[in-house]
Each structure stands twice: as structure tokens, then as C-alpha cells.
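These protein sequence lines map, in sequence, to chains A and B.
The first sequence maps to residues 1217 to 1557 in the numbering used here.
The second sequence maps to residues 63 to 389 in the numbering used here.
These are computed hints drawn from the structure, not numbers from a lab.
Where a beta carbon is used, it is the ideal one built from N, C-alpha and C, also for glycine.
Hints are supplied without guarantee of correctness; some may be wrong.
Below, in silico cross-link-like pairs of lysine-lysine (DSBU-like), each with a Cα-Cα straight-line distance of 30 Å or less [what the hints assert, rightly or not]: (1) A:K1228 <-> A:K1456; (2) B:K91 <-> A:K1346; (3) A:K1228 <-> A:K1252; (4) B:K298 <-> A:K1289; (5) A:K1354 <-> A:K1343; (6) B:K91 <-> A:K1342; (7) B:K303 <-> A:K1354; (8) A:K1342 <-> B:K303.
Examples of chain B residues lying across from chain A (beta carbon under 7 Å, computed) [as the list claims (entries may be wrong)]: (9) T289; (10) A292; (11) L295; (12) R307; (13) D383.
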Amino acid sequence: MAEPLLEVKGLKVRFATEDGIVRAVDGVDFQLERGKVLGIVGESGSGKSVTAMTLLGLTRGQNAAFEGEVIYKGQDLLWMPESRLRDVRGNEIAMIFQDPMTSLNPVYRIGYQIVEAIVEHESISKKQAKRRAIDLLKQVGIPNASERIDTYPHELSGGMRQRVMIALALSSNPDIVIADEPTTALDVTIQAQILALLDNLRAEFDSAVILITHDLGVVASIAHDILVMYAGRVVEAGPKRELFYDPQMPYTWGLLGSIPRLDRPKQEKLHSITGSPPSLINAPRGCKFRPRCPHVFDRCIEEPELLNRVQAPDHLDRCWLSLDDKRRLRDETIAREASIA
Amino acid sequence: MGAFIVRRLLGMIAVMFVVSFLVFVIFIKIPGGDPASRMAGKNPLPQNITNIRKQWGFDKPFYVQYVRMMQKTANGLVPGKHGQYDVLRSFDTRQDVAHEIKRGIPATMSLCIGAAIIWLFFGTLVGVISAVFAGRFSDRAITTAALIGVSMPVFWLGLVLRFFLAEKPNDPLFPDGGYVGLTDNPVEWAHHLILPWFCLSILFIGFYGRVLRSNMLDVMNEDYVRTAKAKGLGPKRVLLKHVLRNSMIPIVTLFALDFAAVLGGGAILTETVFDLKGVGWYAAQSVGGLDLPPIMGVTLYGAFFIVFFSAIVDIFYVWLDPRIRPS
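Looking at chain A on its own, in the form it has when it is part of the complex (with noise of 0.2 Å):
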């Protein structure tokens, strides 16, 4: 294996609220390499958004705790002082948002906000800057780049400012692109452009990508890896393919159960998971899905680690059903919904 460019080990976010300790993030751990697009997947509240805040530590303050490591080439981001991890953010690992219409300031300019971050990190001229600006917002296909770069953000539509904001992650050629949801505030014809976009950019500057998302459909599309995140922590990890084709999680059966097909018959109601995921103040003992699980028995009580327990050599999960009992349950589920519809 090459070496990562990016390695996360124990991560873990504590934030100090009025109602108590909040573990948003309670141990993760990845690895990530050039040129690779790592998806994250998770229901709302599964601390996929704190983990990837936390590489660039936009999560620090007063309230918040941190352990583990981050380390990017070769340095420990999470505890990087704030001013030497500034020349890292927007410079090395950019970072792009759900909401592309809350996420530009209104009251500049387009190409303001871009050549502000290239002047941060660069020493040229605004002038060559906004050059590159220019560049940038053809690269991401925005027609007519060198007069659109003078329109205020309200003045362009949800697409073209999320094609801004990449424009903006791009513009120090970073190693990293994390996006965290890039695609879930637009349409779905624009979700497929979007998604291409950024694949085909990933290839052109070589950089990796963190796909944050709570979508299994965009992850299915230009993920290489997936990590399923469940209550702040790593649930099951491993290459595209394993994950779609051989889960080993209930929890990421019933992710994969509640996307709607087209190649099975319709169904009367979209499959979902039942429950709400745990409090993250007074998480449940031992496998955190416990009380949502319908195959839980009696060992699930004890604290599942995340191991390999399949042959695929990167394949990771926590669950404690043995390999006959997950293939034997697996199939009955997939049978019983066909036999419904």
C-alpha cells in the first residue's frame, strides 16, 4: 500500500454543552491516498460533518475536547497551533459546503472571495490572481467566466455558485478536497454534473477527496472507498465494492435497503431503518445500533472493535453476528422484500 497521504487514527470530538458532554465523533479512524475519493456516509447526526470540520479544526473552541492524531504529511493537524494550520486550510486540504447559496458571502464579489483566498496563500499580484480566478471558473464550467467573476453570489443559480465555491476549493491546487454534502441542496439533474465535476477535477490536479454525504447513490458513483458512520464512530469500512456487494453491518443493509430501485418492482413503501439514532450524551453500552437492530442477540451488549472479519483484506465492520449468520440473515431480508413486492 502507498503511503497515505492523510492518516486519521482514534479521533475522537467532545463538545461541553448545557445538557452534558456530547461525543459527536467517538472514534475514527482512516486512511486516505492520492488521487483516491473517499466517501463517508452516515444519517444526520452521525458526526461525519464534526470529523471532517475537525481535520482543519474548524471545530476548535472553548467547549470542544479533541483525541487521536491527524496527520498530513507528516505533521499532527489536531494539534497544529492555529496559526501554522491556517497556511494548511484552503491552501492544502479546501473544503467545500452543503449549501451553496449561504456559503458565499453576499455582499462581494465572486472573484473577491476567490483571489482573497489565492492572495492568502500566494505571494502575486491581485492582478495575476484574478487571472487565475478567471481560469478556475472555466475549469468548473462556468460560461463566460471572465464577466461572470464581477456578479454578486444571489445573482447565480444554486449549481453555478456550488461550481464557485469548487472553483474556490481548487484555487491553491490542494492535495485535499473535502465536500461536505456538495450536492444535497441542488437538483438532481444538477447533483450528476456536480459529481462529474469534481471527479474529473480530482483526476486533473491529482488531488483526493473526502465525499461527505447521506447518500449511498452519490458515494455509488465516484467513491473508491466508504466509511459508514454510526453515532460518532466507524461502523463498517472497506473498497466500493465490498461495501455494496458483501455489507456486513445490519446497519449499512438497512442504508442500502432504503434507496429507491428502479430495477425491482415498486414497491408500496420505501424501506427504512426504524428508531432514531442514540443520544450522543448517553450513548447505549456495547454496538451502538443495538436498539435498533432487528438481529440483535445477547453478545451485542459487549463493545464491538472494528476489525477485519470477512476474507476481503480491507474490509472492517463491527458486528458481532458471525459470518454464516450475517450471509444467512442478509439473504432472508433481500428475500422478504422481494416476496413483499
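Given the coordinates of chain A, assemble chain B onto it according to the supplied hints.
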């Protein structure tokens, strides 16, 4: 732009009409408001009052009186000496109202412009500091100080300051009220105005600081501020370029209207406490004497500033917030 100015001018005329009419109607309806009996002095003969009524036109229907008064007001706006015109004159002193207001303008302008600069600067400073250190000791200390500032009425604070800093000491730090023209003696001008500036601005500093603090705390949670941080910008740049700029938009409206109000004679208390013979002081004198023409004059003068500055704000807004800009 042309249409905007025309619309604003029409609006201004409408506002001035409504304001002047209301002032007029209220005045003739209040008890003791009859100018003739006041002008006739103590224990007048009924005949005297009737004569005065006739002479001044108080026997005419009220709308005729209103129109006459507006005509006289308009005459008063003609520049130069008003000898040959029938202008708006005080019932009590027969002085030309327009001239009296003009005489008060230098003192009022000096007070208001100076105080406005002080309160805008310190209000912003207080807001920024307490937002940046929100929840910590410096925020609480400043917030408490601002609350004390807001809670001190000008007539009390002004008198206390005047007493302890100007009247009581043998070697007083400040002159005991009054106004010296800027062109006559700039040093004395400032020396006379320091206490009034302080008194007038302290209230606004506290208020603006509170408003700006809460605006900034809201803006700090905006997504675009997170974007600015994720770009790697330094904290100062994020604060000044991204947070403050967006937080100042509501402050601009407040400022323009408050500034217009004090400029238009709203600093009545400060001017009275410190014997600054400005427009506000003149207004106070006239209200005390139930003297309609000066009240009318000062009211219209004040209404003019309010409408004028709200138009300026609208233009300034366009610069501050491009979303308002017509495409």
C-alpha cells in the same frame, strides 16, 4: 436614480404636510393653546382679545390659518433679510423663526456631528470587543458599562457632570455651559463641547454596542464566515471583512435616523442642560411658552432631516448590500 430622487422628494413633501398639519391641529386643540389670550397678557379686557384675534387672523377657520402659516413658513425660507416679507414670527417675541433656527444651527451641528463621530466609533468598538470576547470577563464588563451608560438620563448625567467638573471646583476643568463658535476660537469651541459630546454620545454608545454585538454573534454563525475561515484567512480579516461588514448594515439605518433626529433639534436635553443655544434649546423654549410658530418651524426642520437622511441611507445601503441593488 432620477426616479428615485423624484419619489423621495414627493415623499418628503407628504411627510412634511402630515407632520405640520398634526402639529397645528394638536396645538389649537390643547387647553391653554389659544394664542390670543396668551398674547393679551394678564387680566386682559375681552375687547383686547377680540382685537388680537382679528389682527392675527385667529378668528378665521383653522384650515385658513393653517394655509397662512405654511405660506409664512415658505416666505421665511427666502434667503437674506426678511423685512419686506410676511414671514413666520413668534407669537411671544415677534422674532423671525427662520432666523432663530439658523442662529441655532452652528451650536447644534457642532454638538451633533462631534457626538455622532464619538458614538459611532465607540459604539462599534464596544460591539466588536464584546462580540469577540462573548461570554468572557471583558464582554461582561463592557456590557455592564454599556447598560449603565444607557440607564443614565442626560438631564441627570449632564447636571452631575456640570456640577462636579464645572461649577463646584475652584479651578474647574471645564467651562460652565455655553457655546463658542468654531471660527471664533477652535480650542474654546472644543473645550465647551467636551461634556455635551460625552453626555449625548454615552447613551448611543451603549445602545449601538448592544445591537452590534448581537448582530455580530449572528453573523459569526453564518456559513460564509465558516467558508472564510476554511479559506485560511486570518482571524482579523475574517472579523473585519466578513463579519463586521455584514453586521454594520442594520447599524447604518439606526445611525442615520438617530443622527437626523439629534440634528433636527432632538438633542433638547443636552442643549438645555449645557446652555448650548442650538435648535433643540430653541425648541425647548418655545414648547415652554406654547409658542406655535417656532414649534412648527423646528418640527418641519427636524422632519426635513429625518426624511433627508433616510434617503441617504437608502443610497448607502445599495453600496453595503448588493442584493438590494436593482438589476
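Hint by hint, here is what the structure shows:
1. A:K1228 <-> A:K1456: Holds, at about 25 Å.
2. B:K91 <-> A:K1346: Given that 30 Å is the threshold and the Cα spacing comes to 68 Å, the pair is violated.
3. A:K1228 <-> A:K1252: holds (24 Å)
4. B:K298 <-> A:K1289: Since the Cα atoms of K298 of chain B and K1289 of chain A sit roughly 28 Å apart, the hinted pair holds (cutoff 30 Å).
5. A:K1354 <-> A:K1343: holds (17 Å)
6. B:K91 <-> A:K1342: Since the Cα atoms of K91 of chain B and K1342 of chain A sit roughly 67 Å apart, the hinted pair is violated (cutoff 30 Å).
7. B:K303 <-> A:K1354: Since the Cα atoms of K303 of chain B and K1354 of chain A sit roughly 27 Å apart, the hinted pair holds (cutoff 30 Å).
8. A:K1342 <-> B:K303: Within the cut-off at roughly 17 Å; holds.
9. T289: T289 of chain B check passes; min Cβ-Cβ to chain A is 5 Å, inside 7 Å.
10. A292: holds (4 Å)
11. L295: Status holds, d = 6 Å.
12. R307: holds (6 Å)
13. D383: holds (6 Å)
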